[in-house]
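Student: Here are the chains, one letter per residue:
Number of protein chains: 2
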Amino acid sequence: MATVAIVGSGFIGRAWAISFARAGHDVRMWDQSPTATGGARDYIAGVLGDLAANDLLRGQSVATVLGRIAVVSELAEALADAAHVQENTPENLDVKREVFSLIDKLARPQTVIASSTSALLPSKFTDHLQGRHRCLVVHPINPPYLIPAAEVVPAPWTSAETLERTRAFLVDAGHAPLVMKRELDGFVMNRLQGALLEEAFRLVADGYASVEDVDIGIRDGLALRWSFMGPFETIDLNAPGGVRDYVERYQGIYSNIFPQMLRRVDWGGEVMETVEAERSKRLPRKDLGDRQVWRDRRLMALAAHKKKSDQEFGQ
Amino acid sequence: MATVAIVGSGFIGRAWAISFARAGHDVRMWDQSPTATGGARDYIAGVLGDLAANDLLRGQSVATVLGRIAVVSELAEALADAAHVQENTPENLDVKREVFSLIDKLARPQTVIASSTSALLPSKFTDHLQGRHRCLVVHPINPPYLIPAAEVVPAPWTSAETLERTRAFLVDAGHAPLVMKRELDGFVMNRLQGALLEEAFRLVADGYASVEDVDIGIRDGLALRWSFMGPFETIDLNAPGGVRDYVERYQGIYSNIFPQMLRRVDWGGEVMETVEAERSKRLPRKDLGDRQVWRDRRLMALAAHKKKSDQEFGQ
Numbered sequence: 001m002a003t004v005a006i007v008g009s010g011f012i013g014r015a016w017a018i019s020f021a022r023a024g025h026d027v028r029m030w031d032q033s034p035t036a037t038g039g040a041r042d043y044i045a046g047v048l049g050d051l052a053a054n055d056l057l058r059g060q061s062v063a064t065v066l067g068r069i070a071v072v073s074e075l076a077e078a079l080a081d082a083a084h085v086q087e088n089t090p091e092n093l094d095v096k097r098e099v100f101s102l103i104d105k106l107a108r109p110q111t112v113i114a115s116s117t118s119a120l121l122p123s124k125f126t127d128h129l130q131g132r133h134r135c136l137v138v139h140p141i142n143p144p145y146l147i148p149a150a151e152v153v154p155a156p157w158t159s160a161e162t163l164e165r166t167r168a169f170l171v172d173a174g175h176a177p178l179v180m181k182r183e184l185d186g187f188v189m190n191r192l193q194g195a196l197l198e199e200a201f202r203l204v205a206d207g208y209a210s211v212e213d214v215d216i217g218i219r220d221g222l223a224l225r226w227s228f229m230g231p232f233e234t235i236d237l238n239a240p241g242g243v244r245d246y247v248e249r250y251q252g253i254y255s256n257i258f259p260q261m262l263r264r265v266d267w268g269g270e271v272m273e274t275v276e277a278e279r280s281k282r283l284p285r286k287d288l289g290d291r292q293v294w295r296d297r298r299l300m301a302l303a304a305h306k307k308k309s310d311q312e313f314g315q
Numbered sequence: 001m002a003t004v005a006i007v008g009s010g011f012i013g014r015a016w017a018i019s020f021a022r023a024g025h026d027v028r029m030w031d032q033s034p035t036a037t038g039g040a041r042d043y044i045a046g047v048l049g050d051l052a053a054n055d056l057l058r059g060q061s062v063a064t065v066l067g068r069i070a071v072v073s074e075l076a077e078a079l080a081d082a083a084h085v086q087e088n089t090p091e092n093l094d095v096k097r098e099v100f101s102l103i104d105k106l107a108r109p110q111t112v113i114a115s116s117t118s119a120l121l122p123s124k125f126t127d128h129l130q131g132r133h134r135c136l137v138v139h140p141i142n143p144p145y146l147i148p149a150a151e152v153v154p155a156p157w158t159s160a161e162t163l164e165r166t167r168a169f170l171v172d173a174g175h176a177p178l179v180m181k182r183e184l185d186g187f188v189m190n191r192l193q194g195a196l197l198e199e200a201f202r203l204v205a206d207g208y209a210s211v212e213d214v215d216i217g218i219r220d221g222l223a224l225r226w227s228f229m230g231p232f233e234t235i236d237l238n239a240p241g242g243v244r245d246y247v248e249r250y251q252g253i254y255s256n257i258f259p260q261m262l263r264r265v266d267w268g269g270e271v272m273e274t275v276e277a278e279r280s281k282r283l284p285r286k287d288l289g290d291r292q293v294w295r296d297r298r299l300m301a302l303a304a305h306k307k308k309s310d311q312e313f314g315q
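Same order as they appear, the protein sequences are chains A and W. Here full-length UniProt numbering is used: position 300 in the first sequence is 300, and no number is missing along the way. Here full-length UniProt numbering is used: position 34 in the second sequence is 34, and no number is missing along the way.
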């Protein structure tokens with residue numbers, strides 16, 4: 001097992017700490033602000049209890065996993081023996097450039113330095129570094145201890161060895177790394193989500209469907225198969241001869257509708273009145289926090305179900 | 001409980017028969033070709049056994065539900081007492097127009113006549129009918145006895161009463177109806193799926209990600225939350241202040257990438273070589289049938305999990 005440094009102890013940093021400690025690594029968490037790390041261990045202990053109750057701690061006790069997580073007061077101390085650094089500072093280019101400069105100077109030469117950024121391309125904040133070949137993005141969907149996918153995004157100068165070590169490190173920790181061949185705005189997941197949301201907002205803006213109707217179509221429809229196969233395997237199994245057969249049979253339907261999709265929708269414009277009114281009616285804004293707790297419980301139950309189904313039926 | 005007529009006994013017709021009989025309705029199934037209905041009852045009995053094993057028959061026995069399904073040899077007999085007709089003939093406009101003419105003549109005036117079409121707008125095959133106000137589309141995702149979402153699509157002349165009766169009928173049968181305000185090519189689900197697939201094909205065509213990477217991003221990432229919340233509730237809970245706050249924080253990321261999405265990809269063109277090669281390597285084409293069996297088992301286990309989670313945590 002290795003030592004992992006977590007730089008920045010907000011929700012993403014804490015969530016990564018849980019995932020890496022569960023995998024057996026010694027985690028050293030550091031934050032610029034000592035008050036930020038204050039509640040971190042209590043918060044983590046609470047999550048670990050929920051994970052244990054859902055049999056999602058690899059059979060380990062809460063105390064065992066929690067014992068692997070140390071909050072340290074000096075960045076150098078966090079980095080000293082680290083094989084992997086996971087950086088989780090605010091999404092600000094100047095901050096990232098400065099933090100990466102610091103880490104690159106303090107970490108051992110063979111240490112991999114990964115950023116959790118969802119918005120910034122790795123080339124934008126690693127170009128100036130001596131050790132830029134060992135820098136890259138590892139972007140999670142929150143929370144990574146429940147959602148396995150993580151996007152591994154190289155800068156043009158990220159070495160193949162760095163990519164391969166990171167991939168293996170993530171797989172070992174129970175993640176499903178998605179290794180991009182080169183960097184691109186939005187990476188893969190936000191691009192797919194954006195494409196879907198754009199059509200969702202357009203359907204509402206043009207008055208064809210309600211917000212809830214769109215959610216039904218995904219929640220009680222398309223996302224069921226997607227949640228264990230993904231969209232390509234779904235269409236591969238949706239025609240007798242596989243994916244080519246599917247495209248030959250159905251591309252005509254899709255070709256008809258694409259010209260209607262070339263017009264952009266301003267999500268924050270007039271349609272937002274409709275979206276917010278409908279969402280507020282279903283979920284009063286004062287209940288957003290309670291519903292987030294509900295979401296996390298359902299996500300944990302789903303993760304437990306997927307683990308069981310993988311074992312029973314195969315992946 | 002009502003009598004339901006199923007016109008056309010292929011996979012979609014059989015699947016609807018299972019769903020409606022499970023809900024307590026008497027189902028009368030008719031097909032132009034007597035050989036088509038031949039294996040239908042054996043097939044249905046097999047599915048009912050699997051559903052019973054997953055506690056998805058509302059506590060009823062296979063024999064009870066199967067006893068509600070009769071194959072009849074005359075269309076008039078199927079329609080005689082029907083409150084709801086579900087039509088499942090081939091996706092051919094001339095066929096649909098003719099079948100709807102027949103049904104509209106033979107069915108009682110108050111009977112609702114629904115088509116399972118995924119590709120044809122209801123206005124295209126009901127305009128000539130005396131009873132066109134009681135005609136509409138009810139489009140399932142297959143198989144409807146496991147996937148609750150069903151798109152209810154009115155023609156311009158479909159009456160509000162027809163829409164409301166159909167919605168209530170579907171809810172009663174355990175479905176999640178998505179009632180469109182007016183018809184549109186691709187309805188809602190195929191449009192959302194098409195928008196996502198278009199970006200997926202583009203990412204592969206442009207060499208940023210592999211087919212498997214896209215599937216990981218959905219299967220092990222985005223679709224987990226989507227499978228119990230849908231995309232709008234997901235973003236509503238993904239910023240402290242709800243959906244408006246989310247859009248204010250993140251629309252900038254999406255705005256950057258949309259101009260890159262305006263170029264169409266020919267799914268059946270050069271990219272298909274890559275897609276098919278990768279899929280064939282993961283799943284030899286001779287194993288497509290086995291994998292479809294696997295998909296149906298996983299889907300059934302997921303349906304059972306969702307039912308349990310709905311009861312435990314609420315929807």
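Derived by calculation from the structure, the hints in this document are not laboratory data. Predicted, not measured: the structure shown is a model, and the values here were computed from it. By construction, the Cβ of each residue, glycine as well, lies at the ideal position given by its N, Cα and C atoms. Incorrect hints may have been included.
As the list claims (entries may be wrong) - Here are some chain A residues the structure puts well away from chain W; computed CB gaps all over 12 Å:
hint, residue
1, Gly39
2, Glu74
3, Arg202
Unchecked claim - Ranges of calculated distance between the beta carbons of each label pair, as one might list FRET restraints:
hint, chain 1, residue 1, chain 2, residue 2, range
4, W, Pro259, A, Gln292, 32 to 42 Å
5, A, Asp206, W, Glu91, 21 to 31 Å
6, A, Ala76, W, Pro259, 35 to 45 Å
7, A, Ala80, W, Gln315, 42 to 52 Å
To be verified - Counterexamples of contact, computed for chain A against chain W with all Cβ distances above 12 Å:
hint, residue
8, Val47
9, Ala63
10, Thr64
11, Val72
12, Lys96
13, Leu106
14, Ser159
15, Glu183
16, Leu196
17, Gly241
Student: Check the non-interface label on Glu74 of chain A: least C-beta distance to chain W beyond 12 Å or not.
Tutor: Fine: 31 Å to the nearest Cβ keeps Glu74 of chain A off the interface.
Student: Using the C-beta atoms of Ala80 of chain A and Gln315 of chain W, is the stated range 42 to 52 Å upheld?
Tutor: holds (49 Å)
Student: Taking 12 Å as the cut and beta carbons as the points, is Thr64 of chain A off the interface with chain W?
Tutor: About 26 Å separates Thr64 of chain A from the closest Cβ of chain W, which puts it past 12 Å; holds.
Student: Mind verifying the non-interface call on Leu196 of chain A? Its CB should be farther than 12 Å from each CB in chain W.
Tutor: violated (5 Å)
Student: Mind verifying the non-interface call on Gly39 of chain A? Its CB should be farther than 12 Å from each CB in chain W.
Tutor: Correct as stated: the minimum Cβ-Cβ distance to chain W is 17 Å, above 12 Å.
Student: Taking the CB of Ala76 of chain A and the CB of Pro259 of chain W, does the distance hold inside 35 to 45 Å?
Tutor: holds (43 Å)
Student: Lying within 32 to 42 Å: is that true of the beta-carbon distance Pro259 of chain W to Gln292 of chain A?
Tutor: holds (33 Å)
Student: Does Leu106 of chain A really sit off the interface, with its C-beta more than 12 Å from all C-beta atoms of chain W?
Tutor: holds (30 Å)
Student: Ala63 of chain A: least C-beta distance to chain W exceeds 12 Å?
Tutor: holds (27 Å)
Student: Taking C-beta pairs only, is Arg202 of chain A more than 12 Å away from all of chain W?
Tutor: Per Cβ check, Arg202 of chain A is inside 12 Å of chain W; nearest 9 Å; violated.
Student: Determine whether the non-interface label on Val47 of chain A survives the test: each CB of chain W must be over 12 Å from its CB.
Tutor: Given that every Cβ of chain W is farther than 12 Å from that of Val47 of chain A, nearest at about 17 Å, it holds.
Student: Does Ser159 of chain A clear chain W by more than 12 Å, comparing its Cβ with all Cβ atoms of that chain?
Tutor: Non-interface label on Ser159 of chain A holds, nearest chain W Cβ at 19 Å vs cutoff 12 Å.
Hints 3, 15, 16 and 17 from the earlier list are contradicted by this structure; the remaining hints agree with it.
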